[in-house]
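Going line by line, the protein sequences match chains R and V.
As numbered in this note's numbering, residues 428 to 530 make up the first sequence, in order.
As numbered in this note's numbering, residues 2 to 418 make up the second sequence, in order.
Hint data in this document are derived by calculation from the structure and do not stem from the laboratory.
Just so you know, these numbers come straight off a predicted model, no measurement behind them.
Among the hints, a few may not be true.
Straight-line alpha carbon distances no greater than 30 angstroms define the calculated BS3-like cross-link-like pairs of lysine-lysine that follow [what the hints assert, rightly or not]:
| hint | chain 1 | residue 1 | chain 2 | residue 2 |
| --- | --- | --- | --- | --- |
| 1 | V | Lys149 | R | Lys464 |
| 2 | V | Lys257 | V | Lys275 |
| 3 | V | Lys277 | R | Lys457 |
| 4 | V | Lys77 | V | Lys33 |
| 5 | V | Lys336 | R | Lys519 |
| 6 | R | Lys464 | V | Lys343 |
| 7 | R | Lys515 | V | Lys343 |
| 8 | V | Lys33 | V | Lys73 |
| 9 | R | Lys436 | R | Lys504 |
| 10 | V | Lys77 | V | Lys125 |
| 11 | V | Lys73 | R | Lys525 |
| 12 | R | Lys515 | R | Lys472 |
| 13 | V | Lys277 | R | Lys472 |
| 14 | R | Lys516 | V | Lys52 |
| 15 | V | Lys125 | V | Lys52 |
| 16 | R | Lys515 | V | Lys277 |
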Amino acid sequence: MAVRAEVSKTSGEDVLTISVTGRFDINSYKDFTQAYKERAGAISKYVIDMSDLEYMDSSALGMILMLRESAGGENAKIDIVNCTPGIKKILKTANFDKLVGVE
Amino acid sequence: MAYQLTNLEETNEFLNSVLGNIDSGVLVLDKKMALRHVNRAFAIIFGTDDKSVLGMLRGNATKCVYSVDEEKDCGKTSRCGTCKMRSSILRAFNQGTPTIGMSIAHEYYIHGERIGKHLEFSAKRITIDNEDVVLAIIGDVTESETQKLELLQSHERITRQSVELESAYTELQSSYQRIEREHGIAEEVLARLSSKDYSRFTNLRVQSAPVETVGGDVFFVADRLSGELHLLLGDFTGHGLAAALGAIPTSDIFFKMTADGASIEEILVEINRKLKSILPASLFLCASMIEINQDQNTIAVWNGGLPDMLVVTGQGEIRHRIGSSHVPLGIMDHKNFDCALKTVCAESGDRLYAYSDGIIEAFNPLGVMFGQEGLEAALACPSMAGWRVDKVVETLNMFCQGRARDDDYTISEVKFT
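Using the sequences and the hints, build the whole thing.
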């Protein structure tokens, strides 16, 4: 899986967009955590772009939770966007739409 | 040039031809150590020319680094005492003792550059025109010596790497064994925790299969003093040791609180709080907790992250479907935790099914998933005296045709009379 991270400024907020492609699983750990850990302090909102994601499992859910904790826990602003129906189903079954934005 | 092969060595032309073409340096030195004759190869080896060196002392002619650096003649430098070439020439002169193939390593200035050479040196006293002279032959083996050295260094490097590799392998092996042991411990702990003796619950049947030693599923059942049945079916992310760590307090809370008469809402709140506090952020428990009132045939369910819990009629139709409507346990902080239950009623002859996603996500050799459809098809039959879950497992095993599963599964069945 490839991870791309990009910081942009939207309405005065520093937004970190993490794009994940391919498989989001246990092997993605290093790339994914590196993407947000380096910039932790400055970011006020996170967007995880799933456009090119083929597969995701429970370890990916775990990584999203880690990002959430790092980003302030229940105060974290995280949106998961461009989910395929399959990915959305996984997130919905886990009711992650109660924790983060899911589109 | 035509020669008679029989007395080749007596032919000057032939000898000159040899002298001029061999790649060993040939020199003739007199008693004063001055060069009386050198061949072309000598000039090439030492980067000089064969004419201008005649009459020069050997070390001066070859531009021995000590002679040049100290600006002293050959024989007068501070290092001449240990010069192997010098001592072997002197031995040849004074004692008539020849030297054959002596290895010499020495530095010379060749075309202005300080170069180390490896030479093979032979010297013999002969008489030419009634004069004692020393005939010396110098072979330049620098290149092959250098190659030999590089080969040796390569060999040493390979040996060193081989030792490092061996050591890394040993470390890896011991790490692997440690992991295996820890998995073994986790498996044992999980096995001890999960209620294995369901025999007194005659209306309950559970089928489960862990994936080797890395389990993650748990199943607990207990009844309250007032008669209600509590079931907890769970699937820990993280499997193995992480699952065992989470399963221990979950089991303690479940059994103690059920025995104390607590409601499943209270039990869920406690389990969630405990897991949130002890497990790292990335680990959580997908679970279905169910309270069954066997007198009234009511079922109260909390499903956080597991597939749909099903109530199936005696004819095989799905009467109720209760999907996951909560965030799994161990994620939400206490004040936001939602323990709202969904309550349904069952009829006599109905059966309840709760299961983990290992059943759904089993694959056949072609990569086709058993899926929710596969499960529901296996349940869509009139109930018989036996258990539908046994049939589901049989169907699942046939479907998978021996392909190894990626995940453990648990499926439970409760009969309503």
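Status of the hints after comparison with the structure:
A distance of roughly 52 angstroms separates the Cα atoms of Lys149(V) and Lys464(R); the hinted pair therefore is violated under the 30 angstroms criterion. For the proposed pair Lys257(V) and Lys275(V), the alpha carbon gap of about 14 angstroms is at most 30 angstroms, so the pair holds. In summary, the hint linking Lys277(V) to Lys457(R) is supported, as the alpha carbons are separated by about 23 angstroms, within the 30 angstroms threshold. Of the pairs offered as hints, the one joining Lys77(V) and Lys33(V) holds, with about 13 angstroms between alpha carbons and a cut-off of 30 angstroms not exceeded.
A C-alpha spacing of about 22 angstroms is found between Lys336(V) and Lys519(R), which places the hinted pair at or below 30 angstroms, so the restraint holds. A distance of roughly 40 angstroms separates the Cα atoms of Lys464(R) and Lys343(V); the hinted pair therefore is violated under the 30 angstroms criterion. A threshold of 30 angstroms between alpha carbons decides the hint, and for Lys515(R) with Lys343(V) the separation of about 23 angstroms falls inside it, so the pair holds. For the given pair, Lys33(V) sits about 16 angstroms from Lys73(V) by alpha-carbon distance, which is consistent with the 30 angstroms threshold.
Of the pairs offered as hints, the one joining Lys436(R) and Lys504(R) holds, with about 15 angstroms between alpha carbons and a cut-off of 30 angstroms not exceeded. Between Lys77(V) and Lys125(V) the alpha-carbon distance is near 23 angstroms, which keeps this suggested pair within the 30 angstroms criterion. This hinted pair does not check out: Lys73(V) and Lys525(R) have alpha carbons roughly 93 angstroms apart, beyond 30 angstroms. As the CA atoms of Lys515(R) and Lys472(R) are separated by approximately 21 angstroms, the hinted pair is consistent with the 30 angstroms bound.
With a C-alpha separation of about 24 angstroms, the suggested pair Lys277(V) and Lys472(R) falls inside the 30 angstroms cut-off, and the hint holds. A hinted pair counts as satisfied when its Cα atoms are at most 30 angstroms apart, and Lys516(R) with Lys52(V) does not qualify at roughly 94 angstroms. At most 30 angstroms may separate the alpha-carbon atoms for a hinted pair to count; Lys125(V) and Lys52(V) meet this at roughly 23 angstroms. For the suggested pair Lys515(R) and Lys277(V), the alpha carbons sit about 25 angstroms apart, so the restraint of at most 30 angstroms is met.
In terms of the numbered hints stated before, the structure departs from hints 1, 6, 11 and 14, listed from lowest to highest.
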